[in-house]
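Given chain A's structure and the hints, the job is docking chain B onto it.
Going down the list, the sequences are from chains A and B.
Counting along the first sequence from 1, when you hit position 276 you're at 592 in the working numbering, and nothing is skipped either side.
Counting along the second sequence from 1, when you hit position 185 you're at 501 in the working numbering, and nothing is skipped either side.
There's no promise every hint is true.
In this list, chains with the same sequence are indistinguishable; a pair is considered to hold if it fits within one copy or across any two.
Unchecked claim - In silico DSS-like links for lysine-lysine, alpha-carbon gap of 27 Å or less:
1. LYS572 / LYS705
2. LYS601 / LYS668
3. LYS601 / LYS660
4. LYS723 / LYS770
5. LYS630 / LYS663
6. LYS701 / LYS653
7. LYS595 / LYS579
8. LYS328 / LYS701
9. LYS630 / LYS723
10. LYS636 / LYS586
11. LYS668 / LYS587
12. LYS668 / LYS723
13. LYS664 / LYS601
14. LYS328 / LYS452
Keep in mind the hints are simulated off the structure, nothing from the lab.
2 protein chains.
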Amino acid sequence: MEQVVSYIDTNKERYLNELTELLAIPSVSSRKEHQGDMQQCAQWIADHMERIGMHSVKIFPTEGHPVVYSEWLEAPGMPTVLVYGHYDVQSEEPVNLWTSPPYQATVRGENLYARGSTDDKGQAFIHFKAVEALLKTNGSLPVNLKIIIEGEEEVGSEHLDSFLEEHKDLLQADLVLISDTSMFEKDVPSICYGLRGIAYMEIELSGPNRDLHSGSFGGSVHNPIQALAEIIASLHDDNGRVTIPGFYDDVRSLTKAERAAYKKLPFTDKKYAGGLGVKVLYGEKGFTTLERLWARPTLECNGIWGGYTGEGAKTVLPAKAFAKISMRLVPDQRSAKTAKLFEKHIKKIVPKTVTVNVRTLHGGEPAITPIDSPGVEAAVSALEKGFGKKPLYQREGGSIPIVVQFKKILGIDTVLLGFGLPDENAHAPDEFLDLNNFYGGIRTSAHFFNELPKFWRGKSKRR
Amino acid sequence: MEQVVSYIDTNKERYLNELTELLAIPSVSSRKEHQGDMQQCAQWIADHMERIGMHSVKIFPTEGHPVVYSEWLEAPGMPTVLVYGHYDVQSEEPVNLWTSPPYQATVRGENLYARGSTDDKGQAFIHFKAVEALLKTNGSLPVNLKIIIEGEEEVGSEHLDSFLEEHKDLLQADLVLISDTSMFEKDVPSICYGLRGIAYMEIELSGPNRDLHSGSFGGSVHNPIQALAEIIASLHDDNGRVTIPGFYDDVRSLTKAERAAYKKLPFTDKKYAGGLGVKVLYGEKGFTTLERLWARPTLECNGIWGGYTGEGAKTVLPAKAFAKISMRLVPDQRSAKTAKLFEKHIKKIVPKTVTVNVRTLHGGEPAITPIDSPGVEAAVSALEKGFGKKPLYQREGGSIPIVVQFKKILGIDTVLLGFGLPDENAHAPDEFLDLNNFYGGIRTSAHFFNELPKFWRGKSKRR
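Same shape as in the complex, but just chain A:
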């Protein structure tokens, strides 16, 4: 691996120039006028795959933007890694807030500024360069590899599901590797091994059969806004715990190792609260903030509305009130089951003065790749070699739909090897990528492919 790392060091400048070329293509997936740029970007990546030595390079058309596929499968008996990334970017608007032109990558200090630098062209490119270094140095890879780079991540990966369904066999692998997230903070390389799932609900509460005058009728009927407030208020107890019966039944307990690992992260409640502008944090008693965010299920109101919401005063006692409420799920909760528990509970507690309609808007399962699994162990070892310091473990409180889909459709767990930073302005003006993370990322990626077989204990699932 010394030679591989030396190859990476020697080619730093060229790598940066190539990335600059990729970042110059305004591949904004949401805008029709960039249709041609999307095609051009997919072609650029396909050409690049050929150049670094990948095989069977193909541009798969979809009903939306194309997916670029390539593979290298000449390591018999070794595990197969499926690298996922996306070449589409968010719109550059508002352009006037950019310090340098969004599609003209510019180095300032240790950062490379451009739309797509961290989300996700730069991070996907990290793996291309690691593969190049391995293939050019050794003539082979230590693992089997498949790479798919899609063009619709920023518009909801609308056609990825059907692409995965149609190409189940082609895409079969032992592990998905994605670099499209952030490390915990600068100089704190970390490995994200879990995501929360979601059950997203809507409540419609109906009172009187029409909007009433709150003067003429106030005092005679249960105001649906009040009734809704009473229901929402009752969904947490004084300890910040969700009161829905059975809600916590399937929650996997945190291990001692996990709780110890989170404590090592550079995190204080005070600094976190300060960053959010709140005096006091809130949540389930008996857990630290990071534990609550990552490993405990929660219930949040995402929206509420009813009655008059414009300027000034209108004396209405509304016929209806609505709320959107989502529950974040952790292993081993299941979205459909949780949605049912929610609906059953709401229907049980709703007072006779109103009627309720509960709808499930969408659901997604939680995901976890245990910290003692080969993929995570290889990633930890690779990060230590790539960045020169032991990485820390983290989870993420949100859901990443593609991770859920890889598990659901292909049955494969994902390792999230994020080389971004939390403050890199993804989706905003002056998006950047920390160049230390760019080069450290390339070294880490190369080490990951090299380390994985050592930790691999199972049989390769690839047919």
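Chain B only, in chain A's frame:
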């Protein structure tokens, strides 16, 4: 009075034809294209005042639509009545839902259908015809009389306040008489002697300094929607009572006579609930529904909003949540004091996890003209003579801003002698006036002017 009533009977047809003429003018105050109709309508009323024998007829321009004034002040030592009404109407739209053309008054059954028939041209016209009958029969009125008919009631009486302020002396009187409301139901003549006041508030609850991703941050901070729901839920106790300390301190207790009077009204909870489409009514324990509506203060959420309120799902943990909350007040509560109690309480109970901003949007005082006051006693006697049955007492749960303004600016109590019915489609297609109430109203109005001096015990306030 026999001759007066006989005059009314003899002239029934002409009265109806004259009202039909008044209703033919499309005096829609909210529409610029009806500016000319507004002027024409004011002129019609002024001409009519001259014709029935009123003096000093004048059309007062305002910054909006004009006010028509007239007086008859030749009853020295007798009380002075100020009759208020309005000649403007709501728009006739949607026209296609009218059975007969909105400005072509049409008799069907016992009803007269036209825009403005009950709200308020028809009801104001009732007093014109009573005055005519008295003056033509007796050559004089039993009381002093001032009549103002404004043209902006349907657009919030925007310039009435300044009109009252500017003409305080001209408008001085002992009692305001308004017919712009409904009797309790058909064949149940009733006298409305009280209105509730209002204190209308807005709460802005702030949590984190920006909208957060509910996955990445859910479980760490107090969601402002949840916190708002908890606050709103806490504002009523299990007995439906408002929990704000001091809220009930100034509430005047219902007298035995009032409670007994309300029990005489043809009202059942079952029928009322059925009409509103609710299975179970809600409100403060220890009071009947009518008592709660009319004589007890209440707190209602008029609006609530926060987070995502569009179609589908968005995983936001919002920075802010808002509610509009109004309190209906009864004698002797005061709007400003109640608003202060509310603000103080909210600031006391708001958790440290969020911050709150409380604003007063508007306020109005409750009004009551006691049932043993001369004005109400005269109205009761007049209704009995006019309709041939003892009227019942009622209050109204809403506020009528002009009643509050007459009290505030001129210091005069109002008697609300409603000749409408609750189902007459005011503001809607097929508005109508019950003709029994039209003629009964004219008789009642004449009797009222005749009865008032008998019950008058005080000195006339008129200078």
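_Intra/inter-copy verdict for LYS636 and LYS586 if alpha-carbon distance must be at most 27 Å_ = between (40 Å within a copy, 21 Å between copies)
*Under a CA distance limit of 27 Å, which applies to LYS572 and LYS705: within one copy, between copies, both, or neither?*
within (23 Å within a copy, 84 Å between copies)
*Is the C-alpha distance from LYS601 to LYS668 at most 27 Å within one copy, between copies, in both cases, or in neither?*
The answer is between: 16 Å across copies meets 27 Å, while 33 Å in one copy does not.
*asked:* Please sort LYS328 with LYS701 into within, between, both or neither, judging by C-alpha distance up to 27 Å.
replied: within (18 Å within a copy, 104 Å between copies)
*Is it within, between, both or neither when you check LYS630 against LYS723 at 27 Å Cα-Cα?*
between (50 Å within a copy, 23 Å between copies)
*When no copy is specified for LYS723 and LYS770, does a C-alpha distance of 27 Å or less occur within a copy, between copies, both, or neither?*
Within one copy only: 24 Å inside a chain, 90 Å across chains, cut-off 27 Å.
*Between LYS601 and LYS660, at a C-alpha cutoff of 27 Å, which is it: within one copy, between copies, both, or neither?*
within (25 Å within a copy, 29 Å between copies)
*At 27 Å max between alpha carbons, let me know whether LYS668 reaches LYS587 within a copy, between copies, both or neither.*
This pair counts as between: shortest inter-copy Cα distance 17 Å, intra-copy 46 Å.
*asked:* Regarding LYS664 and LYS601, is the shortest C-alpha distance of 27 Å or less found within a copy, between copies, in both, or in neither?
replied: both (26 Å within a copy, 24 Å between copies)
*LYS595 and LYS579: within-copy, between-copy, both or neither at 27 Å Cα*: Only inside one copy: LYS595 and LYS579 sit 22 Å apart there, 54 Å across copies, limit 27 Å.
*At most 27 Å between C-alpha atoms: does LYS668 with LYS723 qualify within a copy, between copies, both, or neither?*
neither (43 Å within a copy, 41 Å between copies)
*When no copy is named, should LYS630 and LYS663 be tagged within, between, both, or neither for a Cα gap of at most 27 Å?*
Only across copies: LYS630 and LYS663 sit 24 Å apart there, 31 Å inside one copy, limit 27 Å.
In summary, the structure is inconsistent with hints 6 and 12 from the numbered list given earlier, while agreeing with the others.
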